Structures are given as structure tokens and as C-alpha cells.
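Q: The chain contents come next:
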Amino acid sequence: GDSVTQMEGPVTLSEEAFLTINCTYTATGYPSLFWYVQYPGEGLQLLLKATKADDKGSNKGFEATYRKETTSFHLEKGSVQVSDSAVYFCALSGERNYGQNFVFGPGTRLSVLP
Amino acid sequence: GAGVSQSPSNKVTEKGKDVELRCDPISGHTALYWYRQSLGQGLEFLIYFQGNSAPDKSGLPSDRFSAERTGGSVSTLTIQRTQQEDSAVYLCASSLGASGGPSTDTQYFGPGTRLTVL
Numbered sequence: 001g002d003s004v005t006q007m008e009g010p011v012t013l014s015e016e017a018f019l020t021i022n023c024t025y026t027a028t029g030y031p032s033l034f035w036y037v038q039y040p041g042e043g044l045q046l047l048l049k050a051t052k053a054d055d056k057g058s059n060k061g062f063e064a065t066y067r068k069e070t071t072s073f074h075l076e077k078g079s080v081q082v083s084d085s086a087v088y089f090c091a092l093s094g095e096r097n098y099g100q101n102f103v104f105g106p107g108t109r110l111s112v113l114p
Numbered sequence: 001g002a003g004v005s006q007s008p009s010n011k012v013t014e015k016g017k018d019v020e021l022r023c024d025p026i027s028g029h030t031a032l033y034w035y036r037q038s039l040g041q042g043l044e045f046l047i048y049f050q051g052n053s054a055p056d057k058s059g060l061p062s063d064r065f066s067a068e069r070t071g072g073s074v075s076t077l078t079i080q081r082t083q084q085e086d087s088a089v090y091l092c093a094s095s096l097g098a099s100g101g102p103s104t105d106t107q108y109f110g111p112g113t114r115l116t117v118l
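Note that the protein sequences, when read in sequence, are chains A and B.
Each residue of the first sequence is one higher than the last, beginning at 1 in this note's numbering.
Each residue of the second sequence is one higher than the last, beginning at 1 in this note's numbering.
One chain only, chain A, in its complex shape (with noise of 0.2 Å):
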């Protein structure tokens, strides 16, 4: 079945350091394939998103390519911020027309210190 693995946390960055998480998937097709984050205390959110091979998701400055070669979706940014501590969970949505096809990986934590 479908999918998804991405890094052990967590992760431990000083501010303006570059961030890369790396996820990987398996899946039939063409998967839609997402981010979300978990901040301290709230609710997942939708990061972004890219729904088909060579797209760009990006926002607050993370970015992701769908990179269907090496079935990847790694999320970048180039400076993070004490703020950009958080969860973060890498998804796909797969091809099935039924049941539920959202897979989430386990999540990668982040912290970012001042």
C-alpha cells in the first residue's frame, strides 16, 4: 500500500540556519503530495502542497518540489525562525476513488533556538 516516510527528529536548528526534512513515498500513480505543520498547542495545518511531478509547493517561505524520479517531497527553507518550531508532517493523497487514501508519515519535530 501507499506510503510515506520522512526524517527522525527531532530536529534542533539555530536561527538563519537552513532546514531541509527530507520525505520519501511509495505509491501507485500520481499522488497529491502535502505538508502540514502542528505548531505548539494547535491544530494540523496545510503548509502546502504540489499535486503533480516537477510542481513547487510553497509558503512562509518552506518550499517543496514533487520530484516523481526519486519519489521525494523534501521540505526546504533557507532561514528558519524561533517561531517555525513546530511539527511537521509529510502526506499523500493517492488515486484510490474509494475508502481513504491520505497517508501521513510520523512527523519530524523542529526546534529552533534563539
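If you are wondering where the hints come from, they were derived from the structure by calculation, not from laboratory data.
So the derived label-pair ranges between C-beta atoms look like this:
| hint | chain 1 | residue 1 | chain 2 | residue 2 | range |
| --- | --- | --- | --- | --- | --- |
| 1 | B | Glu44 | A | Gly61 | 27 to 37 Å |
| 2 | B | Gln80 | A | Gly9 | 32 to 42 Å |
| 3 | A | Glu42 | B | Asp18 | 21 to 31 Å |
| 4 | B | Pro8 | A | Ser3 | 31 to 41 Å |
| 5 | B | Gly71 | A | Thr28 | 31 to 41 Å |
| 6 | B | Asp18 | A | Ser79 | 45 to 55 Å |
| 7 | B | Thr70 | A | Asp55 | 31 to 41 Å |
| 8 | B | Val12 | A | Gln45 | 23 to 33 Å |
To spell it out: a stretch of chain A is covered by chain B in this simulated footprint if at least three of its residues, at any positions, have a beta carbon under 8 Å from a beta carbon of chain B; those stretches are:
| hint | region |
| --- | --- |
| 9 | 37-47 |
| 10 | 104-111 |
Everything numeric in this text was worked out from a predicted model, so none of it was measured.
Cβ coordinates follow ideal geometry from the N, Cα and C atoms, glycine included.
Based on the hints, put chain B in the right spot on chain A.
A: This is chain B only, laid out in the frame that chain A set:
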């Protein structure tokens, strides 16, 4: 506009009691999902509703768990004879359930209900 709402936000109960958790999806969303998130863990899929179709219950961990969705809108997750291992945050999400296949669908999450079983 209004997002997904869940109630209660917190629920403390005694082992063996039944609990009901409520989810109000975004108006017009035909798809509704329930997940469980244990402390420091990822999301565990529980159940999925899509329109009037039979729900996908493949993620429910035991027969103590059940869910219904009335009128294609509000959903209630019921846990009978709660156990301590049921303690978690229960998340509800809804999506448009786009026609032509769900592959571009985006889920919108509620704030969750934190359940503590003593």
C-alpha cells in the same frame, strides 16, 4: 469562514465509561476523517466518510470504537468502555471530496479533542 470544529476540547473520563466526541466539518465538505494522535506520535487513521457511501472503518482499533455521520454533516465518534490506552488527541478533518478522484483533495483539521482516561 468557519473551519472544522470539535467538541469538547478536553474530556477526562474514568476507565469503563463511554464517551462521545463531536465533529462539525466545513460546510459543503463531503469527506470527513477521524484520526488519533497519541503523545509524541504521528496520526493514526480511524475512519473515513465520503458522501452517502459506506464508511471506511478499516482503521478502528476495536469494536469499542464506532462513528456515525448524520445528514452528511456532523459526525460523532463513540468509544465504549474506555481504556487507559484510549487516551490521546482525537482529530477530525474534512475535505471537499472532489469529483474525478480525490487525489488533489486537501484536508482541513479541527483543533482536536484531548481525551484522558483515568
